[in-house]
Amino acid sequence: MKNRGLTVLLVGILLFSVAVSGCIGGETTSTPQYEGKIALVYDVGGRGDLSFNDMAYLGASKAAKDFNLELKEVQSNSESDYLPNLRSLAQKGDYDLIIAVGFMMEDAVKQVAEEFPDQKFAIVDGYIPDKPNVVSIIFKENEGSALIGALAGLIAANDGKDKVGAVLGVEIPPLYKFEGGYMFGVAWAEDYYKQKTGKDVDIKVLYTYTGAFNDPAKGKTAAQAQLGQGAWVIYQIAGATGLGVFDAVYEYLQSQGKDMGPPFAVGVDSAQDWIKPGVIIASMMKRVDVGVYKAVESVVKGTWKGGVMELGLKEDGVGVSSIDDVKEMFNSLPEDAKEQKLKELGLNSEDELFAKLEETRNQVPDWIWQAVSELEEKIKSGEIKVPMATTKDQIEAIRNAETWQEMEELAKEWESS
Amino acid sequence: MRVDIKGFTKPLVESLVAIVIGILVGAIILAFSGYSPAEAYIALFNGALGSKYGLAMTLSSATPIILTALTFGIGARTGLFNIGGEGTVYFGAIMAIILTNLWGNVLMGLFGGILAGMAWMAIPAILKVLRGVNEVVSTIMLNWMAYFIALYIVLQKIPNPEDPNKTLAVPVSARFPIIMKGTELSWAFAISVIAALITYYILWHTELGYELRVSGYNERAARYGGINPKKAIIWSFLLGGIMSGLAGATEVMGRPPSYAISQGMANIYGYGFDGIGVSLVGRNHPLGIIFSGIFFGMLRAGATSMQIEAGVPLEMVKVVQGVIVVTIAIPGLLDLLKKVVRR
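Chains as they are written, first to last, in my numbering: chain A, 1 to 417; chain B, 1001 to 1343.
I should point out that these hints are in silico values taken from the structure, not numbers from a laboratory.
You may find that some hints are simply not true.
Claimed, not checked - Where chain B lies over chain A, by a calculated footprint (3+ residues, C-beta under 8 Å):
#1 91-104
#2 108-116
#3 169-183
#4 384-392
Claimed, not checked - Straight line, CA to CA, 25 Å or less: simulated DSS-like cross-link-like pairs of lysine-lysine:
#5 Lys392/A x Lys1052/B
#6 Lys1157/B x Lys92/A
#7 Lys131/A x Lys1157/B
#8 Lys1052/B x Lys110/A
#9 Lys161/A x Lys110/A
#10 Lys1318/B x Lys72/A
#11 Lys356/A x Lys385/A
#12 Lys356/A x Lys1052/B
None of these values were measured; they are calculated from a predicted model.
Yeah, the Cβ is synthetic: ideal placement off N, Cα and C, and Gly gets one too.
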């Protein structure tokens, strides 16, 4: 008898589920009014990575709202999902643009773009220059990093220090753009400081490739070693590994009985300043959202052009984070995540957090911030060219160059060839 | 070759019941999460079976997980809980890439997969036979070791100089040809089916297979009957190693677009673990594994269209898969259902 009761219960649940499914099905099937469709294929990192995928979503959803488009999001369970995800979307034939997030999808986009020549694709950070139906959204990380280098170099020079650091992930060519730009900025700072004060400074850049993008422990060890050698600002270019850099600088400050730098750390990709206020002086932002938005806009407005869309300082594709950028990033977090973070920092409100960020920035004199803006303007206007290293030979050439003028020569040389 | 039809019926019914329950429970979860189960399942089955492309994707998705399921299945038949398939896949893939780059043909790749699989699985076998180390512990640990050793090899030893996020690619001459253009279905699928058939033949139609199975039923009885359980353990691991090694090799030799291993093993990660579920649903029987592998391949292939057509997130598909595995793992519930069926 007991068993029969259970059976009845089970059958009841099943029937209920069918009934419920009927009701809910009716609600969701109504199609909203739209003028077009775009699709976003995430890489395995997926939503919630506080970086690439989230920023791409930010840009795509904003574009979808502005241009009245339907946005379809597709996740990837493993890398072997990239090709089927892109193919299935292309087979539908009704997407105005399919956006692939991340350079890992390069091979898959290449193949599907060949199979479906009438379908438009965008790939973030990938490089597919020769297909009329693919736009490759890439960033001039060298320009953004040059500003970080100038900031770091001037902070060090101003405090009478002679070393700054960079902790990087796996040694792959995309990171040379960051490293080279950073070195350029530091060299520019030496020159600027000399002209301003008349004092000669020679600031060395310590750089460590940790071999990992997801290992905070390695980032911490590398940063501790650099701090030990006297690095005064450390730029992290290592994804999650870089979180260890923040920890290392934080602990170093604690050991000195200080709540605020210098020494400082610098964040990367998104405005990471909120992660460790007092420790992170600024971040080199890579505006994936801007790139994605522009790609969608070009489709909607009929200005589509396949090829490479290169976004630098001038196009707002990269830049040094402002307090407002940090606010925007922090506010895009879920409420409970925000609360938890504030608790972890021992702060009572968001305002306290932002006040603390202001105070952090005030540790650096105004003239340094102005110098950084000056360099920014000069790069934007084209007066100064930042070298973009994409091979081992090129980064070696930058590492061996003495002055920023020498590096600029390299930039011009590579550009013309 | 005599096939015992009667012996298949019961487990087949049980597995089918589990699948149906899994699908229904999945429907409840979908409904409560605000998605339409009907729409979702139509998208799933339509995407996986409704077109030539879908069918091809189903079979190609089944290819690696049939092989890794055989690793677990052979172990289970010998009384071993061998979950080392995951790590073995990495080495199979790596060895296939190395050997095909030296000698560009398919046979070298398959040989590499087999060799690497046997070598890696020999470790837990030796630990078990000589020191009595529990294979659950050793294979879990070995999976992690495999991950990091493989990561090192991928990044440092065989990177592609033009694209350092990947290893060297398998040369064109050593790739499995694609059966249907515009899909991912290659002749690697045939390899996995043949492997399952050979496994069946070995287990049920050879003396060695008999010894493996008797050791699995009852080690003491096996010893009493003159069978050396240590020999059975070693063979079970080695055969299992061959299967997962082949899974890795066929994956890099047969899956477009890159024919290489990506940084972090992002394109071959997880097949070993998925194989455990496939084997359980296939009742650890090689022939059952072919069908359950295709069923899981279908879920995998349909996951894309479930997302695109019905807007159901990928996590939901995984929930359905998980529910099916759990359902089949609850013998009490099955007994209950058997009673219901009998009435």
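Next item on the list: Output the numbers, in ascending order, of every earlier hint that fails for this structure.
Entry: 4, 5, 6, 7, 9, 11, 12
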